[in-house]
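Q: Could you build the full structure based on these sequences and the hints that come with them?
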Amino acid sequence: MLDIKFVRDHPDEVQKNIEFRGGKVPVDEVLKADVARRELIQKIEKLRAARNIASSAKPSESEIKKLRQKREDLKKLEDELQAAERLFLDKLARLPNMSSDQMPEGKGDADHMELVVWIPGKGYLPKDKLGKGYSSATHMPKTKGKHHLELGKDLDIIDTEQSALTSGSRFAYLKGDAALLQFALFELFKNKLIAEGFEPMIVPVMVKERVLFGTSHFPEGRDQVYQVSTENIENHEQLFLVGSSEPPLFAYYMDKTLKEADLPRKFFAYTHCFRSEVGSWGKDVRGIKRVHQFDKLEIDALTTAEGSHEMMEYLRGLNEWLMQQLQLPYRVINKCSRDCGYNATYLQYDLEGWLPSQGEYIELGSNTDAWDYQARRLNIHYVDTKGDKKLVHTVNDTGIPMGRMIITILDNYQNPDGSITIPEVLRPYMRKDKIVPK
Numbered sequence: 001m002l003d004i005k006f007v008r009d010h011p012d013e014v015q016k017n018i019e020f021r022g023g024k025v026p027v028d029e030v031l032k033a034d035v036a037r038r039e040l041i042q043k044i045e046k047l048r049a050a051r052n053i054a055s056s057a058k059p060s061e062s063e064i065k066k067l068r069q070k071r072e073d074l075k076k077l078e079d080e081l082q083a084a085e086r087l088f089l090d091k092l093a094r095l096p097n098m099s100s101d102q103m104p105e106g107k108g109d110a111d112h113m114e115l116v117v118w119i120p121g122k123g124y125l126p127k128d129k130l131g132k133g134y135s136s137a138t139h140m141p142k143t144k145g146k147h148h149l150e151l152g153k154d155l156d157i158i159d160t161e162q163s164a165l166t167s168g169s170r171f172a173y174l175k176g177d178a179a180l181l182q183f184a185l186f187e188l189f190k191n192k193l194i195a196e197g198f199e200p201m202i203v204p205v206m207v208k209e210r211v212l213f214g215t216s217h218f219p220e221g222r223d224q225v226y227q228v229s230t231e232n233i234e235n236h237e238q239l240f241l242v243g244s245s246e247p248p249l250f251a252y253y254m255d256k257t258l259k260e261a262d263l264p265r266k267f268f269a270y271t272h273c274f275r276s277e278v279g280s281w282g283k284d285v286r287g288i289k290r291v292h293q294f295d296k297l298e299i300d301a302l303t304t305a306e307g308s309h310e311m312m313e314y315l316r317g318l319n320e321w322l323m324q325q326l327q328l329p330y331r332v333i334n335k336c337s338r339d340c341g342y343n344a345t346y347l348q349y350d351l352e353g354w355l356p357s358q359g360e361y362i363e364l365g366s367n368t369d370a371w372d373y374q375a376r377r378l379n380i381h382y383v384d385t386k387g388d389k390k391l392v393h394t395v396n397d398t399g400i401p402m403g404r405m406i407i408t409i410l411d412n413y414q415n416p417d418g419s420i421t422i423p424e425v426l427r428p429y430m431r432k433d434k435i436v437p438k
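Everything in the sequence shown is counted per full-length UniProt numbering, starting at 1 for the first residue and increasing by one.
Please note: incorrect hints may appear among the correct ones.
Said to hold, decoys possible - In the DSS-like style, the derived pairs of lysine-lysine whose C-alpha atoms are separated by at most 30 Å in a straight line are:
hint, residue 1, residue 2
1, Lys256, Lys91
2, Lys259, Lys390
3, Lys175, Lys192
4, Lys24, Lys5
5, Lys438, Lys146
6, Lys208, Lys390
7, Lys32, Lys16
Read the hints as simulated data drawn from the structure, not as lab findings.
A: What follows is the structure, encoded as C-alpha cells:
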C-alpha cells in the first residue's frame with residue numbers, strides 16, 4: 001500500500017492518481033480516518049500517563065475509584081482505536097499504487113497501447129501498424145478452423161462434459177496428448193528458467209488472509225477467492241485458495257530483511273490455481289479459457305528500488321522468447337489506467353496470443369511492476385551498500401497459464417484433417433510430431 005506519510009504530504013498528487021486509476025476511495029476519506037485514529041492514540045497516551053502517575057503512590061479510596069474510571073475510559077478508547085485502525089487500514093488499502101508515467105490513460109480494451117506484435121515467418125510488425133486497442137488485428141493471419149473445444153472433443157483430449165458431472169461448470173479434464181502438451185510446456189520453460197538462474201519452488205496453495213492482503217489480492221479482489229471452511233482446519237485457521245503462486249512466493253520473504261547483494265531474487269512455482277470468476281457468468285463458457293481451476297508456471301522477482309523496471313522488461317523478454325520458440329503469433333500491450341489489474345500495479349504489460357481461426361487475441365498473462373506497494377504490506381526490506389534499510393520492489397509475471405497456452409497451440413497448429421501439429425520445440429518432450437484423431 002502507499003506510505004501514509006506520502007499520502008499526508010502529497011494529497012493532491014494522490015487524489016489525481018486515484019481519479020486516473022478509477023479508484024473509489026477519495027484521499028480525503030483516508031486522511032479523515034488517519035486523523036481520527038491519531039487523535040485517539042493521543043487521548044490514550046495521555047490517559048495512560050495520568051493513570052501511571054496516579055497509581056505510583058498509595059491511592060486513597062476516592063483515588064481508587066478514579067483509577068477504576070480511568071481504566072474503564074481507557075478500555076473504551078482502546079476499543080474505539082481498534083475500530084478506527086481497521087477503518088483507516090481498509091481505506092488506505094483501497095488506494096491504488098502510484099502510476100508510472102508510461103501507463104496510458106483509459107478505461108478498457110480500446111485504450112491499451114500495443115508495444116510489439118510478432119508473427120511467425122514475418123517477425124515484428126512495423127511500429128506504424130501498431131496503436132490503441134486492436135489496431136494490429138487487421139494485419140494478423142486468419143484461417144478457417146475449429147474452436148478449441150471442438151478440437152478437444154474430436155481428438156478426445158479435452159472433456160468438459162464429464163467434469164460437469166463431477167465438479168460442475170467451468171471445470172475440465174485434460175487427457176492424453178493435452179496432458180502431455182502441458183507437461184511439455186512446463187519442461188521447456190522450467191529448463192529455460194533454471195538456466196537463467198531462477199530458483200524453483202513448491203508452494204502452499206492455501207494461505208492466510210495476511211498473505212492475500214499483503215499482495216493486494218485483498219480487499220478489492222476478495223470476491224474472486226475461494227474461502228476454505230475452518231471446520232476441519234487445524235486450530236480453525238482461516239485459509240484461502242490461491243489464484244496464483246504469486247502470494248505464497250512473495251510471502252516466503254515476508255518480515256525478512258535481505259542484503260542488497262542478495263538481490264535480485266528470481267524464483268518460479270508451478271501450481272494449481274483457483275478463481276471464482278464472479279462477474280464473468282456467461283462469458284467464455286465454452287472450453288477451458290475461463291475456468292475455476294487452472295495451472296500456471298509463475299515467475300516472480302524481488303529487486304532493488306532501481307532494478308524493478310529492468311526486471312519487468314527482462315521477464316517480458318522471457319515471455320517473448322517462449323512464444324517465439326513455440327512459433328505462435330502474439331502481441332504485448334501496455335495496460336491502461338482503469339483496467340490494469342489490481343491496486344498494486346505501478347505498470348503492467350499483458351501478453352496476448354493470436355487465434356487465427358477465431359480472429360481474436362487471447363490473454364496469456366500479465367507482467368507487473370508493483371514497485372514497493374506489496375513489500376510495504378508484507379514487510380520485506382533490504383539493506384543497501386550504505387547500510388540504509390529500504391523496501392524491496394516486487395515484479396510478477398504469469399509465465400505460462402497452461403490451459404490458455406494449449407488453446408493457442410491448438411488453434412494455430414490445427415490441420416484440415418483434424419490433426420494438430422506439435423510445435424517443433426515440444427516434440428522432444430512429447431516424442432511425436434502430431435496429435436491425431438483416435
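Q: Confirm or reject each hint.
A: Cross-check of the supplied hints:
1. For the suggested pair lysine 256 and lysine 91, the alpha carbons sit about 26 Å apart, so the restraint of at most 30 Å is met.
2. Annotation: proposed proximity of lysine 259 to lysine 390 holds, straight-line Cα distance about 10 Å (limit 30 Å).
3. For the proposed pair lysine 175 and lysine 192, the alpha carbon gap of about 26 Å is at most 30 Å, so the pair holds.
4. Between lysine 24 and lysine 5 the alpha-carbon distance is near 21 Å, which keeps this suggested pair within the 30 Å criterion.
5. Between lysine 438 and lysine 146, the direct Cα distance comes to roughly 17 Å. Compliance with the 30 Å bound is thereby established for this hinted pair.
6. Restraint check: the Cα-Cα separation between lysine 208 and lysine 390 comes to about 25 Å, which is no more than 30 Å; the hinted pair holds.
7. With a C-alpha separation of about 18 Å, the suggested pairing of lysine 32 with lysine 16 holds against the 30 Å cut-off.
Violation of the numbered hints given earlier is absent; every hint is satisfied by the structure.
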